[in-house]
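Residue numbers (UniProt numbering), protein chains in the order written: chain X, 1 to 78; chain R, 1 to 78; chain L, 1 to 78; chain Y, 1 to 78; chain F, 1 to 78.
Take the hints with a grain of salt, since some may be wrong.
Since the list gives no way to pick out one identical chain from another, each pair is judged satisfied if it fits inside one copy or across any two copies.
[Stated by the list, open to error] Restricting the straight-line Cα-Cα distance to at most 25 Å, the calculated cross-link-like pairs of lysine to any residue (SDA-like) are:
| hint | residue 1 | residue 2 |
| --- | --- | --- |
| 1 | Lys36 | Ile70 |
| 2 | Lys36 | Ile24 |
| 3 | Lys36 | Gly49 |
Keep in mind the hints are simulated off the structure, nothing from the lab.
Listed below, chain by chain, are the residues.
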Amino acid sequence: MESTTVLAEITGSIATVGYGLAAIGPAIGVGIVVGKTIEGVARQPELAGRLQVLMYIGIAFTEALAFIGIATAFIFGA
Amino acid sequence: MESTTVLAEITGSIATVGYGLAAIGPAIGVGIVVGKTIEGVARQPELAGRLQVLMYIGIAFTEALAFIGIATAFIFGA
Amino acid sequence: MESTTVLAEITGSIATVGYGLAAIGPAIGVGIVVGKTIEGVARQPELAGRLQVLMYIGIAFTEALAFIGIATAFIFGA
Amino acid sequence: MESTTVLAEITGSIATVGYGLAAIGPAIGVGIVVGKTIEGVARQPELAGRLQVLMYIGIAFTEALAFIGIATAFIFGA
Amino acid sequence: MESTTVLAEITGSIATVGYGLAAIGPAIGVGIVVGKTIEGVARQPELAGRLQVLMYIGIAFTEALAFIGIATAFIFGA
Chain X
1 MESTTVLAEI
11 TGSIATVGYG
21 LAAIGPAIGV
31 GIVVGKTIEG
41 VARQPELAGR
51 LQVLMYIGIA
61 FTEALAFIGI
71 ATAFIFGA
Chain R
1 MESTTVLAEI
11 TGSIATVGYG
21 LAAIGPAIGV
31 GIVVGKTIEG
41 VARQPELAGR
51 LQVLMYIGIA
61 FTEALAFIGI
71 ATAFIFGA
Chain L
1 MESTTVLAEI
11 TGSIATVGYG
21 LAAIGPAIGV
31 GIVVGKTIEG
41 VARQPELAGR
51 LQVLMYIGIA
61 FTEALAFIGI
71 ATAFIFGA
Chain Y
1 MESTTVLAEI
11 TGSIATVGYG
21 LAAIGPAIGV
31 GIVVGKTIEG
41 VARQPELAGR
51 LQVLMYIGIA
61 FTEALAFIGI
71 ATAFIFGA
Chain F
1 MESTTVLAEI
11 TGSIATVGYG
21 LAAIGPAIGV
31 GIVVGKTIEG
41 VARQPELAGR
51 LQVLMYIGIA
61 FTEALAFIGI
71 ATAFIFGA
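Isolated chain X (complex conformation) (with noise of 0.2 Å):
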């Protein structure tokens, strides 16, 4: 009698992947919330303290979505 069941060795947990993709929109988003305050300061370099106020509130709400994706695998028991 034989009976082998390799079913796959893959390890580790899908809580990853989820991150991975949580992690990707916040990302490019920062890049987009940066590149444009640089490209605001470089025309007008007097503003630039406003600007960056506005760009890190950019930051703080778009990285939030990324830890988020840390958090849900805590939330959905991961």
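Chain X is already provided as a structure; the job is to place chains R, L, Y and F on it using the hints.
Chains R, L, Y and F in isolation, oriented as in the chain X frame:
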């Protein structure tokens, strides 16, 4: 009686896929940030110093999301 | 009694998929960085040297994310 | 008693999927690089030589990421 | 007693999925290259010849990545 169940001979950790996904966004983001800096320096070379400071802030925030993609594997017990 | 379950004859390491995903972003990022450099040099050829320095910094930061995609396979024990 | 479970007769190496993913970014990246070069030459035809040098540097760095996608299959023992 | 469990009758090689993915990028890349050429010729029609030379170089480099996606199936022993 012959019962051979060969499901898939794929080896490796799913965490590599997680990191792979997590690296897509940051790399595009860093590309946008550096690209906009180059554009800004080409327009106003005298602001190169201030634009590079913003560039490094942008790189730090975006690359962090990729490095967290390595950390998640250990958080979720890969 | 015959019980043969051939699910999928797929061989290989999932780490190749991980690298494949990790390479999407950097390549687009490098393309944006070099593209903007070409745009900048076309506009202000006298700044070519300084723009190329920024270009190589950008390439280094973005390509690093792809190369880490190879390293992760060994980190997570592929 | 007959119990045949034929789930999916998919053959091949997962490395082809890895390369497929790895080729998405470089092709878009090369497209951006060559596109910006064409834009630059259309604006300042006298700089065509210098822009093409940058173009080939950009193509080299971006295509390399796709070719590494073939190499990884052998690195990870596909 | 007859117990036949046919879950999904998917046949074929995973290499087609690999090529499918490999074709996403080149198609977008060629689109960018040809699009920028049309833009450039529209701006400076007298440069049409030189821009088309660059266009064909760009198409060659980007389409090559898709064709390699067919070759990989044989390299990895599909």
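Tested hints:
1. Lys36 / Ile70: neither (28 Å within a copy, 28 Å between copies)
2. Lys36 / Ile24: both (19 Å within a copy, 20 Å between copies)
3. Lys36 / Gly49: both (14 Å within a copy, 17 Å between copies)
Checked against the numbered hints given earlier, the structure breaks only hint 1 and satisfies all the rest.
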